[in-house]
Amino acid sequence: MASVPTAVGAPAERREGREKVTGTARYAAEQPQPGRLHARPVPATIARGRVTGIDTAAALEMPGVLTVLTPENAPRLAEPDDPTLALLQDSRVPHHGWFVALVVAETLEAARAGAAAVRVRYAAEDHDVTLTASHPQAYVPEEANGGYPARSERGEPDAAFGSAAVRVDAEYRVPPLHNHPMEPHATTAHWDGERLTVHNSSQGSTAVRATLAQMFALPEERITVVAEHVGGGFGSKGTPRPDVVLAAMAARHTGRPVTVALPRRFLPTVVGHRAPTLQRVRLGADADGRLTSLIHEVTTRTSRLKEFVEQAAVPARIMYASPHSRTLHRVVPLDVPSPSWMRAPGEAPGMYALESAMDELAGELGMDPVELRILNEPDTEPDSGRPFSSRHVVECLREGARRFEWLSRDPRPRSRREGPLLVGSGVASATYPVQVWPSTAEARALPDGGFLVRINATDIGTGARTVLAQIAADVLAVPLDRVRIQVGSSDLPPAPLAGGSSGTASWGWSVHEASSQLAARLAEHSGPLPEDGLAARADTTGKADADSPWSRHAFGAHFAEVGVDTVTGEVRVRRLLGVYAAGRILNARTARSQFVGGMTMGLGMALTEGSTTDEAFGDFAESDLASYHVPAHADVRDVQAHWIDEDDPHLNPMGSKGIGEIGIVGTAAAIGNAVHHAIGVRLRELPLTPDRVLAALADRGGKGR
Amino acid sequence: MKTFDYVRADSLEEAADAFAARPGARYLGGGTNLVDLMKLGVERPAALVDISRLPLDTVEELPDGSLRIGATVRNSDLAAHRAVRDRWPALSQAVLAGASGQLRNAATTGGNLLQRTRCPYFQDVAKPCNKREPGSGCGARDGVHRDHAVLGHSAHCVATHPSDMAVALAALDARVELYGADGARSLPAAEFHRLPGDRPEVDTEIRPGEIITGVVLPAATAGVPSAYRKARDRASYAFALASVAVAVGVDDGVVTSARIAFGALAHRPWRARRAEEVLLGAAPTEAAFEHAVDLELSAAEPLRDNAYKVPLARGLALDVLARLTAAART
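For the record, the sequence lines run as chains A and B.
The first sequence maps to residues 1 to 705 in our numbering.
The second sequence maps to residues 1001 to 1330 in our numbering.
Same shape as in the complex, but just chain B (with noise of 0.2 Å):
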């Protein structure tokens, strides 16, 4: 039997220390994947450093407006947070339209963004999978993979990074606090995980060690309106076919802010920068729209079954902005 070390950390360094000291170790959040994992067999650690009750676990309005979640902040209590819901209600939504209620009581913040593609051949220890078995193959690209990447995918990879949470906060530009031997540091939330390039086994920027402390949303999109829209096959627990999360600012006929981000079209959130850039400064019309969204757009290379995931986000896109925008636009 595989057999690994467990350990419960009551203070950042010590987790730290623990991991250092324990090759093949992995931090354990709420578990819903990382167990999952260890029972397929794709993950198998040599030690769990439990930090699931690390004093990391409220939510904190700092003084500059923006708010601090810490990084075992439960999804459910994330997405029922007073303040989530009225000035950043994008991340609500997106919490609340991934995974099972079950499962999000028990998901922490740090663990939704360290969650693993549910790739079908990442997942089956028995199939080529470069990001699971670097060298092995990618057994989706002309394999089933209806559900996989459309735009930055790789020769190597076109998996898909399952996380709702994680697209909201691209698009909401939070920032990902980390906290390691080089102490703390933070990056932009859009910026945190990675295209898969001829390194798919690295899903993000994080260093080895490094936990997650928390997430820090910026006062400068507080109160911008926002929302995130994800189509699914079924009403609940599925993941995103494709997703958007949209934070617009309109003054007096003019967007004066964009931030766009799809799910489920790429190894990351995807930021949506082309199109933001050719919206600011111009009237929130549907002609703009869908010039700045066709504009993203236009640099998807979709796979052989997978074609549909451009015009359902494309949908997605212009049918949030038209929503956040109507009111300004009247």
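Just chain A, same shape as in the assembly (with noise of 0.2 Å):
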């Protein structure tokens, strides 16, 4: 046993790696069945009223389309705690890019050719897509996103700010941002007499059977859904979507399989975004920079369907040690699509603003932006007292200086100047909580000598499958090669889903426990194992939910070095640097990716990516990926992710803290600090294309250089 080598922490390779490479993994629209349909949605093209009328003759007199389905001749479903998922129920359009039919054919190519042959007539009202602070319609709702209180106040903010010796009154935005992965959502679904069984590409099976067996009124022991593959989905399918519905609805009106695997172009307007925020940030300090006031207050848009917050203003009550703190999130509901969920909500933007203002009070002081940050480390969590279960955010910005070399920059804004570029290095903190779920897992010894992992835990390029082979592998003292895993089914025990950074924490806490059981029971067993091998199940509800006294987040520290071109104002990054302390790290390949790739989607949200409301139509200008820049190659140069190992028993039975999202936390936040490094000229709107650097550099111009 002594000779089994460690698996947890090594870099294993991915498991489904090579399928993936050569091709051979199957996504959820690639299930040929025989007698498959596609179906293709038809969008709404107003922003708000109602459908008065569909014409469906010339879509139905097409060759290979089936049928048409509408409000008319839908199935009723039950009604959805999610209402972006009451599709067809009715003839309201409470946005641009609603679905109002779904054309069901024999090939995706007749598909595509009813839906633009369907007529739709509209009753349009006005609409309103326009967010402002001052909109009349804004409200502090209960609770932002996540369940966080929406206000939160210690203190007096305004007079302690009032009266500070230095302060920092600034107003930051960010725009809508897609989450756009690479797989586009998509569904196959077929019926067998009562029974559903769906391909979906969703980041937690477990939740779409729920969704589907209420709004289709069956048990959920009759409907299977598979995520086996799953390309990416950064917040956007870890609810269920559109394409699950409609896909389960043709498939029991046709009585065929059918798949809905919705165009690139549809995507921003029913699968969610970032919502844009509009963040003002008071930091009062006195005169040695210590914090005496930090106000941090966000308005934010939700659609009509449902309310959603971003909660931008939660990580300002992690940060920073100050006696008097408001966070307040306000939010107007408009004639926009929904928002949701994308990679590291709340914290994303919330942190871009704060560490910007951060930066903005080291300079009001004169002092080094990094010591800034721990000279206001806080002992205990600021807003609840409670104690950090562990926090190494000072050891993450020493390391990075270090590595960084950060020290040896220049520290006067503009001061570096190569030829037509101006260069500048930034610094930003980054924060990201512990979320933790309840999850079932079962392993099985088998008589081969071998075991079995089974868990519906799903794997969205995280690595998921490996490194909770990892886990049992070490738990039951055995090389890695022995253990089998099977996950992306809800036929499997129950999991929750791939998102909050919890993936890995929470089913992990389950094959752990799992193991430990089966362990135990292989040590009492003598003899060889019965045909179907020795199983442990385990399930860590009441242990994983449990209420911790600790406040249990995971942080890191973003280094950027930026070359600014004074010609065109095009800002290209040539050093990214990460360092996190986020437990302890399970594999380290698996990992480092995770870190780079949050990482270069913050790049992208510093610079390139932001979705755009057309005020006249309600919906998003860029709809493709020529439009919507996310990094490309060429953009992303030298992104080093660094980590600092962490032992810190309060978190689960691995010591791990999630990785998914921490690296793009203070991304955006470090580059637009480079940036004002490099150019003497503070840039508060993301992304910081070359029309606002240039005018920023031709406003700093007239000033005089």
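It should be emphasised that the hints constitute simulated quantities derived from the structure, not laboratory data.
Positions of the beta carbon are idealized from the N, C-alpha and C atoms, including for glycine.
No incorrect hints appear here.
Just a sample of chain A residues kept apart from chain B, beta carbon distances all over 10 Å, derived:
#: 1; residue: I54
#: 2; residue: A124
#: 3; residue: A207
#: 4; residue: G363
#: 5; residue: T380
#: 6; residue: V478
#: 7; residue: R482
#: 8; residue: L534
#: 9; residue: R584
#: 10; residue: G655
#: 11; residue: G680
#: 12; residue: V681
#: 13; residue: R682
A short, non-exhaustive set of chain B residues, derived as facing chain A with CB atoms under 10 Å:
#: 14; residue: K1039
#: 15; residue: S1100
#: 16; residue: D1124
#: 17; residue: K1127
#: 18; residue: D1233
#: 19; residue: A1235
#: 20; residue: N1306
#: 21; residue: G1315
#: 22; residue: L1318
Since each chain comes alone in its own frame, lean on the hints to assemble the complex.
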């Protein structure tokens, strides 16, 4: 036993990597079944109103078109908890792009042509899609996303700010952002009598099954949801999306298997987006740089369908010691598509504003921004007063500064010129909460000496299969290759979704526990194993969701170096370096990929990504990957991720914190701060595109160099 | 389903005949734009006449020192061609600044010239667009138009032409060679694309059924120092916010030839004739360049949200002019 190398922590390769790179991994739309049909939704072309008539005659005459589902003939569904799934149930159009009909055809091409031939008449109403901080319908909700109170106040923040020796009062804007996973949302559904099977591109099929059961009034045992391979989600597949409901409806209506694969152009309006935020941050400090007041107020928008409040002011409750503080969210319901989760909801936009403001404060104080952060390090979580289970943001800042050679920089803005380029560097901290949910898992010892772990975890490209097998191998004290694993089907033991950076912690806990129980049973067992092996099943309910007296968060620090072209205003990130303290790192290879991926997405948030709400039409102007600019390879040069090992006994049996999101959190602020250092002008609206940077450079030029 | 005929032509004559015999036909080159537009429902051809295998895939050095680039030469091959890189570097640079490696491997010279605007209203059949559907209105003029035209636009259309390559061809005095029912003819590349006026649905001067057979780079611009520079939102695979192609000759302290074309500012590559005129015979000084470029851009009429394009284009032009004349100025 002692000879078995420890699997956890090792850079084990993704188990499904070969299948993916050779194209043999099957995704949700790639499920050819006899008689399979294709369905194409028809999106509304108005932002608000009602459908008054749908003329399907031309579509139905087309060869290959079987039927057109509309509110008149679509199967009735029970009212879902998520109103964005109440599809084809009534004539209301809550936003542009809302699906008003579904064309079902023998081929994808026929479905597309049929959809183009459907004529929809509307009674359009005036719409309002414009978010302003002074919008008359803005209100303070009970809660922001994640169940956080929308408002939190300590002490007398306004008075303390008013009397502070040094003050920053700044407004930051983050535009709508889109998840745009590589694999668009897709579902293949088929009914076998009263039994429904769907292949669905989802971050968590247990919840998809529950939703389908409720909407289609079926017992969960009669539904199987498979999500074997998922080409990314970034939050947009964290809840069931229209494709799965439409596919199940169409399959029931026609009695044949149906695939609904949403085209890229439909995604912006129907699978969520990061809502835009208007953020005002006020920081008051004494002359030494100690914060006396921290006020972070966020105005965001939601749809008319549901209240989703991007929790951007929440990280300010965690980050800095300040005796006086107010964090507040206001939301405006507008005639816009429903926002939803996108990688690090709350933290990503909120820390852009807070960490930009901290950089501004450092400038006001003439302090090093690393030292300012360290000076304001809290002893306990500022809002709750709870002790941190572990917090090593200072170590991340110090280690990052050392690796980045931060101290060699001239802190004066606009102090480094290389020909037409202005070069600058910036820093920002990051935080992301530890989230963990109850999960079940089964571990089985087989007579052939192998082991099988079964759990409805979802591998959305993170390497979940691999790391769960590593956890089991270590508990069972066997080589990694003896452990097989099954994930991605709701027929497996139920498990929560891959979201909130909670997957590995939640699933891993139950795998750990099932494996421990199995190891104990094996220790007691003598003689050969029975034919179907020996199994143990764990359920972490009551443990994983037990209230913790600890404030549990991952932390990190980001450092960025940019070159700003003074001719074009183009910003290119030359170096991006992150250091993270996220508990125990369970797989060095896949963890690095998560961190680097998050940082790359943060680079896009800083420089290139943004969706434009079209005020006339109520949709987004960018609807493909040619116009929605995720970073191209040429934008991503030197990206490094490092970590500090933490030994935190208050997390889960593996000692891990989530790592899927923290990489994005401080990246945009670090890059923005680097741009300020480079050009000497503060830009407060993302993304930092050439038009904005050029205007800032001109502004600076006007004031004299 | 919208069906269409597909015909592969082996000769120009065959292609022209096939096109003439099929009302509503389109020629197909690399398909990198046309096929996208078909999927969007913007293009609904009755037939595709595939001309990508016509024997027009070579680059020929002609006896008079000019260079003929066949219409089906792939963008990647054009950019890599030794003669292009040596004597007309602005063209090579422009092609490489466009699209992505995969697209350049597929896209053809002729197809690049005939690609359509990427205006989002043009691409969405549910929205008004005079270019796609004459008389339906322009969604962009008062809508989302950060990427749109600042020069030469009309009440009917504010779209820009997306090609990088065409900008370099316009600056280098290239000619576009055409073949059609009336035989062969050629047009200056700078006059091949149109301004929108009241007929924005017509992008170019090409006649119905005509085929681009090639593009000729003239001896007159061979070896003249030239360069292309483009500003964009990301480092690769992004259309220009503004771009410029410049070819400028200096002899004995005087500008002897000046050719400047802007990209992404107008419905066609914008040949800066006024700037060129005042530069000819002038000393290649920063002041002269500024005067010339400002004179040209004084015609700009930015929309609500794209005024940045004017100083951006100005900066690009001044930078490239200074760079190309640096040796002559010292």
